[in-house]
Amino acid sequence: MNKRLSQKIFFTLFRLISLMIVIVLFSILGFIVFNGAKVISWNFLTQMPTDGMTKGGIYPAIVGTLILVLGSMIFAFPVGVAAAIYMNEYVKEVPAKRFMRLMTSNLAGVPSIVFGLFGMALFVNQLHFGDSIIAGSLTLGLLALPVVIRTTEEALKQVDDSFRLASIGLGATKLQTIGKVTLPIAFPNIITGLILSIGRVSGETAPILFTVAAYFLPKLPHSIFDQVMALPYHLYVIATSGTNITESRPIAYGTALVLISIVLICNITASVIRNVLGKRNK
Amino acid sequence: MTPKIETKNLQLYYGAHHALKGIDFSANANTVTALIGPSGCGKSTFLRCFNRMNDLIDGCEVEGQILIDGMNINDKYLNVDELRKKVGMVFQKPNPFPKSIFENVAYGLRINGINDKKTLEEKVEKALRQAALWEEVKDNLKKSAMSISGGQQQRLCIARALAVEPSLVLMDEPTSALDPISTSKVEELIYQLKEKYTILIVTHNMQQAARVSDRTAFFYIGEMIEYNDTTEIFTNPKIERTQNYITGRFG
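Those protein sequences? They're chains A and B, same order as listed. The first sequence begins at 45 in the working numbering and counts up one residue at a time. The second sequence begins at 4 in the working numbering and counts up one residue at a time.
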């Protein structure tokens, strides 16, 4: 077989495979949009669920998910960025660094249900937070930590060393260099990582299962020690164990559509921010 | 007269590699000294001894004395950040920060705790004038430093180094990434700067060394082979290896 022919065959094959991935994605999206769009309305987004969750809206679940995302980021962002700064800017010794990186990857590989159990054992029981926003946020924060660390580290690595040298050459301390030069330059990429991890966190069910999520709670929380409803768990409930699964099916699709929209909006925002802020550095 | 800078039996090791072998060197204030030699001869390493930038390299050991104004700076108790404020450095590739032109020059002042607007404006203007860049950028100080030409960027980096008022300025092949016109502007600038500063410049360009420097040191495999007035080095080198290098027979 001649080279050009085999080249053509393989390229066609690769193209088909890539196309298939796109088709799969659009089928899922299309299916959910087709089934979910019917129930989406202003009321659906702003009303409490009623009639055993077969009618009404999903307002408390939307609010709950937003609160949990915010809470998890308040924890994961500073801790993750600090850890990445330490690993990339301070630790020189290679074995120590490699060990920490390995541990970060391992943390990323822990199944989310294990995070849920750990969160329940530590935050809910040991620290007596009970099923609460704070316990759920911290558990989700732990889950997001490896993503934040990894993306921040990548962002810091991309900062050209000549900037650090210029700053140090002017008599700046390492801390001043990080604060005034390295972090501002890496910022667009760090924010991108943050938003991507928001997308990840907002869709997780297992970590909130035993730590915060309420089966049915048609009111908003008053403090961080209250429980909340959350979109992914709500979806799970009305799809599998609601009062009337067939009747609440449209609401399940609507919930799925809202959830997937939040994730998509996060991802689109991430790339917009990266482009806009990235240009400023040029 | 005490020399502005001096090294006595300076030895430098990168791990097992003996990179500088017993360098005895001195230069007077308000002079330009060119450091020449083939790649890997140790001239940039030598340059970086004067602001202790070699400290940043793992496994780098420096022995011997390095004196600035008679004070030994090769001392582990020395405050290195303070030293680097007094010794400015200009790098091979222009490396302005992705900030405005003004903020680039003000950077060194700000990290020294100067935040008064008026003082900053005065010092930034002064530094930009010294770097012969003021007239070109005075109406665009808020513009990003990344938007000006490479030659202007390098003069901006010189201004940034001068703003903190160092007395010694180290230049590591400052024109190697520049076009000929920008190069001649920077060379002219170096010549003017020696009125106020002592300058050490590493260069691969023989003509440049001959044009800008008062004294020239030739390095070869970690040793300083010959050190003399620039005119002597280029017209009447005492050592054959120097002559071979200058005339381009090796290098």
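It is worth saying that the hints were derived from the structure and are not from the lab. These figures come from a predicted structure and were not determined experimentally. A few of these clues could be false.
Which residues of chain B face chain A? A few of them, derived with a C-beta cut under 7 angstroms, are [to be verified]: (1) 92; (2) 100; (3) 188; (4) 195.
Glycine is no exception: its CB is placed at the ideal position from the N, C-alpha and C atoms.
So, going through the hints one by one against the coordinates:
1. 92: holds (4 angstroms)
2. 100: holds (6 angstroms)
3. 188: violated (20 angstroms)
4. 195: Interface hint status for residue 195 of chain B: violated (22 angstroms vs cutoff 7 angstroms).
When each numbered hint is compared with the structure, violations occur for hints 3 and 4.
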